[in-house]
Structure formats: C-alpha cells, structure tokens
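Start from the sequences, fold in the hints, and give me the full structure.
Protein chains in written order, with my numbering: chain A, 118 to 368; chain B, 118 to 368; chain C, 118 to 368; chain D, 118 to 368.
Some hints could be false.
These stretches of chain B come out as covered by chain A in the derived footprint (C-beta under 8 Å, 3 or more residues) [stated by the list, open to error]:
| no. | stretch |
| --- | --- |
| 1 | 255-266 |
| 2 | 284-290 |
| 3 | 305-315 |
Pulled from the structure, derived: some chain D residues nowhere near chain B, Cβ distances all over 10 Å [to be verified]:
| no. | residue |
| --- | --- |
| 4 | 147 |
| 5 | 177 |
| 6 | 184 |
| 7 | 262 |
| 8 | 268 |
| 9 | 295 |
Please keep in mind that the hints were generated in silico from the structure rather than gathered at the bench. All residues carry an ideal CB built from backbone N, CA and C; glycine is no exception.
There are 4 protein chains.
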Amino acid sequence: MKQRSVSAQLHWEQRTQRPLLGLALVFAVAYAVPIVRPDASADVKWWCEVAEWGVWGAFALDYLIRLFLTERRWEFVRSRWLDLAAVVLPVIQPLRLLRVVATLLLVGQRARMASQIKLTTYVGGAVVGLLMFGSLAVLSVERDAPGGNIDTLDDAVWWSFTTMTTVGYGDHAPTTGLGRVLAVGLMLSGIALLGVVTANIAAWFIARFEKDDAEERRQTAAIAELAEEVRLLRAEVASLKSVEGVPERRR
Amino acid sequence: MKQRSVSAQLHWEQRTQRPLLGLALVFAVAYAVPIVRPDASADVKWWCEVAEWGVWGAFALDYLIRLFLTERRWEFVRSRWLDLAAVVLPVIQPLRLLRVVATLLLVGQRARMASQIKLTTYVGGAVVGLLMFGSLAVLSVERDAPGGNIDTLDDAVWWSFTTMTTVGYGDHAPTTGLGRVLAVGLMLSGIALLGVVTANIAAWFIARFEKDDAEERRQTAAIAELAEEVRLLRAEVASLKSVEGVPERRR
Amino acid sequence: MKQRSVSAQLHWEQRTQRPLLGLALVFAVAYAVPIVRPDASADVKWWCEVAEWGVWGAFALDYLIRLFLTERRWEFVRSRWLDLAAVVLPVIQPLRLLRVVATLLLVGQRARMASQIKLTTYVGGAVVGLLMFGSLAVLSVERDAPGGNIDTLDDAVWWSFTTMTTVGYGDHAPTTGLGRVLAVGLMLSGIALLGVVTANIAAWFIARFEKDDAEERRQTAAIAELAEEVRLLRAEVASLKSVEGVPERRR
Amino acid sequence: MKQRSVSAQLHWEQRTQRPLLGLALVFAVAYAVPIVRPDASADVKWWCEVAEWGVWGAFALDYLIRLFLTERRWEFVRSRWLDLAAVVLPVIQPLRLLRVVATLLLVGQRARMASQIKLTTYVGGAVVGLLMFGSLAVLSVERDAPGGNIDTLDDAVWWSFTTMTTVGYGDHAPTTGLGRVLAVGLMLSGIALLGVVTANIAAWFIARFEKDDAEERRQTAAIAELAEEVRLLRAEVASLKSVEGVPERRR
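In structure tokens form, the structure reads like this:
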C-alpha cells in the first residue's frame, strides 16, 4: 500500500519535472521584461504579472498534489518545510520580491529532485539563475534609488559578476538596504560556488593521488603475500592427501 | 579517584553549558544596545555595563569551578591558557574591547566543548557572532573618527559582509588603527569560513568519488579471490577427512 | 584496421605537438605587437595579421588531418565539437577577437592532448596565457574607450592580476561591454586557478593525512592477524603430516 | 663513505638551523629600521647595511659548507639551484630589493629543511614574514612615489592584509611598477595561504568523513568473514588430527 503511494508520488514528480522546469523559464521572462523594459505598455506588464502568479500557482498546485499522493503526510510537510513556506508566504503577504524568491526556491527544489540532473548541471543552473535574478532584482531596486550607481542592465550584470566572484571592484555597489540584502545573497552564493569549483577539482585530484597512497600499497602487498601463503598451504595439504592415498592402494 | 573527578568536571560542564550560552545572548544585547542607541539614558548604559561585567564574571567563576573540579590542575591551566588569559586580562587592564574579546573567547570555548553542538552549527554560530560583533565594534570605533565612512549600523553590517566574504568593494573601509585591527580579524575569519565551506563540500564530493577508487576495487577483488581460494582449500580438507574415515569403518 | 588508424592519429598528434605549440608563441607575438606598439608601421601590422591567420590555418589544417586519420569520424566531430567551432566560426564571421579566442582554444586542446605535459604545467601555462591575452585584449578595447581607465600595458597587466586573484582593488576596471566580458572570463579563470591551487595543496595534505587513517590501520591489523592465523594453521598441518609419516616408516 | 658524508651534511644542517633562523630575525630588524625610521642617523643606516650583508654572507657560507660536505655535488647544485641563484645574484648586481628576496629565499629553504618545524608553523611563519616584508618593501617604494597613497607604516601593513586576504578594498594600492610587482607577489602568496587554510580544514574534515566510507566498510567486512572462514578451517583440521591420533593410541 505505502509502496504503491510512494511510487505514485515518484511517478508524478518524474512526469511533472520537465513541464515545471519549463514554467520556470516562463517565469524568468515574465520577471525580466518589466525590469529590462520599464517603458513597456501596461498590458505587457499586466500579462507578466499574470504569468508570474500562474507559475507560482502551478508550483503550489504541484506541492499540494505531491502532498496528497504521499502516505506519511506529516513527514512530507516537515522535510519539505521550505517548500511549504515558499508556497504560503506570498499569499499571506504578496510582496513581489518574496514571490520571486519563493518561486526560485520551488524551482530549485524540483530541479534538485530531478534525478537525471547532474550536480554540476544543478550548480551551474543555480549560478546562472542567481546571476540573472540578482542582476534584475538589484537593478529594479537600485535604479530609482537617489545616489544609486546601478542604473542599466549592463551595470547590474557586471556588478553581479564582480560580486559573485568576490572580486568586488567597487565601481558599482548597492546603496539601499534591500539591494544590499540581495548583494549578501549573491556573495554567499559566490562563496558556495567557489567551494563547489574547488571541491570538484580537489576531489578529482585526490582521486588520482589516492592511487599511490602508501598505506593502500602496503595493504595490497599484505593481501598478496597472504594469498601466496594460502597457496603454499593448499599445496601442502594436497601432498598430504596423496601420502594418505598410498596405503589404500598397497593393500 | 581521578575517574570520579574527571566525570565531576564533565558533569559540571554539561550542566552549565546551556545557561552559559544563554548568558552569551544577554551579553550580546548588553553590548549592542549602547552602540546602536548612543542616545540611550545613562541608566540603560549603566545596566548594560553591569550586565557585561556580570556575564564576564559568570564565565570567570565557571573557569575557577572547573579548575577546582579537575584533578591535574596544572595540565588544565596549560591546555586552557587562552581561557585563563580571557579571564585575567580584563581585570589587569579593563578595556571595554578587551573584555568583549575575552567573553567571546570564553563563549567559543564553552560552545566547542558542548558535545551535542555539530561542527557546522558551531561554525555558523561563530560566523554570525563575528559579523555581529565586528559590525558593532567597528561602528563604535569608526563612528566618531574624523573622515570615517562607517557611521550607521547598516553601513557597519554591510561592510562586515563585504569584508568577511573577501569581496571588499571599498565603498566603506575602516580608517582608524583599532578599526583596521578588527577588520583583519574579520578577514581572517572570512578566509577560515571560506575554507570550512569549501572543505565541507569537498569532503562530501570526495566521499562520493572514493566509491570508484581503482586501488580500493583492486583490493576488494584480491580479498574476494583469496576468500575463494580458502573456500577451495576447505573443501579439499573436508574431502581428505572423509577419505580418512573409510579405513576406520572398514576395520 | 581501426587499431592502425587510431595509432596513425596518435602518431600524428604526437609528431605535430611541438611545432603547433611553437606556432602558438608566434601567434602570441603577432597578436601582441600591434597592441603594444599602436604606432607600428602598416607593413608590421599586415605581417602580424598574416601570421595570425597563418597560425589559425595551421590549426585548422591539423584538425582536418586528424579528422581524416581517425576511423570513427562522427564520434571525433562530436567529442571535439569545440575544436570544430573554433575552426569554423572565424571563417563565418572573421572577427579579430573571435579568432584570438579560437586559436587559444585550439592551442589549449592540443596542449591538453600532449601526454607529457603535466597538469600543473598545463594550468600554469593557461594562467600565464590568460593573463597575457586578457591584458592585451582589454588594453586594445579599453584604450580608446571614452572615460576608460586602462590606457597603458602596465595598467592592463596590473588589472589582470588584481582581477584573476579576485583582489579587485577597483583602481582600474573595464567600462566597455566587451572589456567586461573579457574581465568575467578572467574572473572565472581566477576562481578555477584558486581551485587548482587549493586542490593541489589539499590533495597533498590529504595524501599525508591518509597515512594515519583509523579505518586503514584497523584493516591492516585485521590482515596481519589473519596472516598470523594462517601461519599457525600451516604449522598445524605440517605437524599433522609428520604424524602421518610415522606408521609408514614403522611397518 | 657516501653514508658518512650525507650524515655529515645532515649533522651540519641540524646544528646550524637555529643560529641561521636567529640571523633571519637580525636581518628583519636591520631591514625594517631604515624604512620605519627614515630620519635615522647615517651610522644606524650603515650598521643596518652591514648587518644585512652579514646575514647574506652567513647564508652564502652555509651554502658553500653544505656543498663541500655533500658527496654528489652536482646533484646538490641542481636540486638547490634556487639557493645558488639567491647566493650569487646579489653579488652580480647588488640591488637592495634583490638581496632581500635572496635572503628570504635562503631563510625559507633552511626553515623548510628544519625537520622539527611543522608545516603549519612553516606556513604561518612564511605568511608573517611575507606580510612584514611586503609592507616594508612597498612602503619604501611607494612613499616617495608622486601620487602614491601608501605613505605610513600603518597604511602599508593594512594594505598588505587587504591584499593577502584578496579583500582588496582599493583605499590603498601601489602605483609604481615595482610596488605592483611586490603586490602581485603578496596576492599569489595570499592565494596559496587561502589554499593551505582550506586544505588543512578539508584534510581534517575528510579524515573524519573517511571513517564511514562504504568501500572501506565492505572491505573490513570481507576480511572479517574471511578470517572466520579460516578459523572454521583450522578447527576442522584440528578435529581431523585427533581422528588420526585414535588408531595410534588404539594399537
């Protein structure tokens, strides 16, 4: 019974994976357009708004269906509390930025769930997503700020890169509180990125280093010698057996 | 005898753990208030002063009690020389900043001692603590400095983040000697943080890489083959035994 | 048949390795001269142009020959799609910068193929190459930009270093879109460099740490004890054999 | 014969280790004084000059003695070519800075040779030395530069820290070619430092991760099972032996 329901949930997650990641792109566009083109017509902006809410709704629905398909509901809620927050919060207090973060969270969750997505792909996608999201969000926040120095999309993207790589020239930097909160997010992601890159290379190096690890060699040698010993022993027992045979035949 | 005393010390450390970490929060508040609200009433400031000294006193007392409970006093003093310094120095020369550092050290020591606190939690806590402490300390130092550019709490926190992540925009930077000493502390902590993050990811990666390590596989193979050999040998001996049996029964 | 062709390809790659890496230096010079000496005579610039195209042609030819020498052509094209792009793109749209990137890519591919080139050498070479290329490219782009602050070769090299090490003072920074694209390339290479350095040290450390790894020790111990056991067993069987011998001689 | 000479060399290196590292401190002081106190009397500066040359001479002499004590002179020269360069170059062209670098190199070589110096100590010492040396060298170079912004020792030390930790605020930065060369040196050391710190933590983490490595466990299990098998086998042979014993005693 539980078996079936679990497989039902997995089945659903696998079937919905692609469409949901597709919706994420729709969301990205719907989020980007009004920021990149502030002079877009009211209709366009309205449609983007609708699209954003639509995508959020799709992920909320997906969450509910998964919750319905699983057996241990309570465990599901506890283990996926972040999803729950991402689904509920925008409703309670529908801030634009919050909905963005929420959708990004939900997308990330689904992407991580997608078994066929390699870790590297996941990290790469996350970095690109964070760069794009960070640039747009900071642009939308800083553009109208008095004394702000991030006014064009170029500057915003450039700033995101200098921040995420922890280079930080300082030729562009957020001045508003919200912009700085976003910047901190990018910095931390940058550190994580740095960590993943380094870790990847390190793991690869170490996997090669391991090969000539002294202890390992000593072990293999020990085993080989041991095997030799057993082989000798076996020969001895064999000879012993033949000796036994003789008296039998003599009588 | 020694057994008992050691367990007594451990018992004390475990019992006092929670309350002492609680006191640390009291200290944090008592330290923050006068800096965040420079226009607070004299009473408030006086009470904060009292609270700070109280927390320091509690940790000093804790040190003495632990020193009394342990058997090998001298070893305890030598191995915990940093605690000793943290306890004694503020008395010799009661500088505000020194007392802060001292208390932070003592809190850190106790937290690290707390067996149930995971390393990640410990690092996370240390980072948050350093950010908060660094921001406040630098703010209190730089605010009154002529030509200083860290005047508000926002700027201080923002600066702490840009420093600890080694981004360093340079839109805000300490100008006084003391402020720079604090900054160096944050930078080094930042490097350590970077190291811990990377190491964490790397360790996780490598743990997965290990799985398909050539040498390992070769070893396992060697052992398996060896086991096979021994199994054969055993069969042979068994057969040998039965052969023995025959003459016995024939007579 | 396939064996032969594969060896033929390998043979070619090994024979052409040195000359092609040599040509890379020619390219470096031919690329640097017009940028470092903008007031060079038209002839010099023309010859540099020729040399650049010549080197690119040599690599293109090398690609075609390798494609001809291999058996599984389709697999070769798929696995080396980056080479193909590097060879074709400059023809479709002969942009100077694109040709530079293309040649760098092709050189990198060949260098990585060179078995006797150690990874460290490869990384070192890549870093030097990127620094040189980045400095020159940014200089050529930023020098003429209005309000640009990278005007001399010194500044360009200095900026490359501050970027690649993610120090990013911000005393010099690209202002044009193309310059920033190049900068991002340097930053990412810098992160990779950081990763390789760290990984190298980490791998070396860990190789030493491994030595006193608890599990390892326990294993070796287990094997030793096991060997001892087998030795005892052998002795026992030997004694058993001698006992057998007695009756034979007695009769 | 060779044995003796090698041990003679080792003996010398161990005996001279401490005094030479002591001389390094003398050098540090002699180098620092004229820079920190530009208004020092001519005598003082002259004595510092003498001390610097003296320390360099001591290391040169040490090199010659070691060269004399070793058997395979040629191998010694080849493997220690850096020492040779450090010894010879300052003579050929006695530049102040070159002599400084040379002495630092020689000190580093000896320190690394010192077996009882732990790696961490070595790295720590190197970092401190580089910071001190970098600060002083940059100060001496930048102080007199027109438009330079590193005029006091405080600024120099502060700049060294921001550079080595790759924070790079940019509030202070070298403007002269020589100053920038020194800066690049500090940056690269900073990256190495970052690497060592991360590697240290990573190695420690991984050493703990290793404990629950699946493959390892499987191996240990395999060995244990194998040992069990041999134990059974031994019992069997033992029983077999007793069976043999019976007829002997029966007759």
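Status of each hint after checking the structure:
| no. | hint | in the structure |
| --- | --- | --- |
| 1 | 255-266 | violated (count 0) |
| 2 | 284-290 | holds (count 5) |
| 3 | 305-315 | holds (count 4) |
| 4 | 147 | holds (26 Å) |
| 5 | 177 | holds (36 Å) |
| 6 | 184 | holds (40 Å) |
| 7 | 262 | holds (20 Å) |
| 8 | 268 | holds (14 Å) |
| 9 | 295 | holds (23 Å) |
The structure fails to meet hint 1 from the earlier list, while all remaining hints are met.
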